[in-house]
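Participant: What follows is the residue order along each chain.
Protein chains: 2
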Amino acid sequence: MRKIMPIDRVNELISIGKNKMYNPGEYFIREGEVPRKLAFVNSGLFRYAYINNKGGEYTKGIIMESNFIASYSAMISKSSSHFFIEALEKSEILEISYEHWLQLRENNPFWDKFLIKLLEKAFCIKEKREREFLLLNAETRYFNFLEEYPDLESRVKQNIVASYLGIQPESLSRIRKKANLT
Amino acid sequence: MRKIMPIDRVNELISIGKNKMYNPGEYFIREGEVPRKLAFVNSGLFRYAYINNKGGEYTKGIIMESNFIASYSAMISKSSSHFFIEALEKSEILEISYEHWLQLRENNPFWDKFLIKLLEKAFCIKEKREREFLLLNAETRYFNFLEEYPDLESRVKQNIVASYLGIQPESLSRIRKKANLT
Chain A
1 MRKIMPIDRV NELISIGKNK MYNPGEYFIR EGEVPRKLAF VNSGLFRYAY INNKGGEYTK
61 GIIMESNFIA SYSAMISKSS SHFFIEALEK SEILEISYEH WLQLRENNPF WDKFLIKLLE
121 KAFCIKEKRE REFLLLNAET RYFNFLEEYP DLESRVKQNI VASYLGIQPE SLSRIRKKAN
181 LT
Chain B
1 MRKIMPIDRV NELISIGKNK MYNPGEYFIR EGEVPRKLAF VNSGLFRYAY INNKGGEYTK
61 GIIMESNFIA SYSAMISKSS SHFFIEALEK SEILEISYEH WLQLRENNPF WDKFLIKLLE
121 KAFCIKEKRE REFLLLNAET RYFNFLEEYP DLESRVKQNI VASYLGIQPE SLSRIRKKAN
181 LT
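Those protein sequence lines, which keep their order, are chains A and B.
Sequence positions in the first sequence follow the working numbering and run 1 to 182.
Sequence positions in the second sequence follow the working numbering and run 1 to 182.
Quick caveat, the hints were computed from the structure, so don't treat them as lab data.
Note that this is a predicted model, so its numbers are computed, not measured.
We treat Cβ as the ideally placed atom computed from N, Cα and C, and that holds for glycine.
Be aware that a few hints might be false.
Derived Cβ-Cβ restraints for the label pairs, each shown as a range [unchecked claim]:
{"hint": "1", "chain 1": "A", "residue 1": "Glu89", "chain 2": "B", "residue 2": "Asn67", "range": "22 to 30 Å"}
{"hint": "2", "chain 1": "A", "residue 1": "Ile7", "chain 2": "B", "residue 2": "Pro169", "range": "56 to 64 Å"}
{"hint": "3", "chain 1": "B", "residue 1": "Glu89", "chain 2": "A", "residue 2": "Leu181", "range": "44 to 52 Å"}
{"hint": "4", "chain 1": "B", "residue 1": "Glu147", "chain 2": "A", "residue 2": "Phe110", "range": "38 to 46 Å"}
{"hint": "5", "chain 1": "B", "residue 1": "Lys20", "chain 2": "A", "residue 2": "Ser43", "range": "47 to 55 Å"}
{"hint": "6", "chain 1": "B", "residue 1": "Glu33", "chain 2": "A", "residue 2": "Gly32", "range": "20 to 28 Å"}
{"hint": "7", "chain 1": "A", "residue 1": "Val34", "chain 2": "B", "residue 2": "Asn180", "range": "32 to 40 Å"}
{"hint": "8", "chain 1": "A", "residue 1": "Tyr98", "chain 2": "B", "residue 2": "Arg2", "range": "25 to 33 Å"}
{"hint": "9", "chain 1": "B", "residue 1": "Ile16", "chain 2": "A", "residue 2": "Leu181", "range": "29 to 37 Å"}
{"hint": "10", "chain 1": "A", "residue 1": "Gly25", "chain 2": "B", "residue 2": "Asn19", "range": "54 to 62 Å"}
Please take these sequences and the hints and turn them into a complete structure.
Facilitator: Here's what the structure looks like:
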């Protein structure tokens, strides 16, 4: 956390948060839940995923250590989360209630500036992903994924990588075979 | 603008902005340009659109009066815009340079809070759109579009509505015919 904020702010965040452990497959937020919390991922890995009406899964985001996790739209609008947040590895997080987070922002303008950086980053990631889906084929999206997250390939199961790329696991196998990655 | 901020702040924004007119088909930002400006749309209509490698267009957003327009990711990262912003109607905007905008934010914490609201709104719109593309068919997306923007149907050409829904104009015609909307 010290990489992204001064030590005083780290301590401030720790003072209002709770350390929690999540095992792989455990949910930080379930689909349908009205989320009242966010968290900083100290170690581990999470994903955001939707389930479609045919029961298929679509992984909309993979979030690594040193990032925040939240079902943000649902949290701020006090509505049900449309997606779930699941641990993919044994993970240690600092959980913060939304109320405490709002108080923090009231007390020090640092946190508004910090939130702007987080929202801008999330916005840029979403925009890039939208663009890649529109303009690039699955193969190119896969190579971009490998380049951007070089260590994720070994940490995430192939069916989740496929669902992140919006393709079937068989298509991912074909792409990997063609590129001699199997 | 008075609906979304106090009158003093409106005047502050007007004092650093320039009123400009755009005719339909004129570009506020071109693809490939490094954008150094944002704008408030006083009246009129704009769209954000990508051009794919086959020359096809994809309208990623339609922005009505009383909203801000910007190629935000490119502006904050000082990189080229991947999409263009085009006027769809005769439009009057208040153009603000990014430098002036940053100064405004430095001088009054109101603007950071205001920016958070804008980013949160943009984030929620993007998330909703992503979800609709993943989970709903074109027909349902079209009916949602009509419900959400009841007056846009008559203001925007059918081929642009189709490119916003991610379908061919012929598919939109079929959907409209089926629903007795033609």
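Participant: When the structure is checked against the list of hints, which entries are broken? Sort them ascending.
Facilitator: Failing hints, ascending: 1, 6 and 9.
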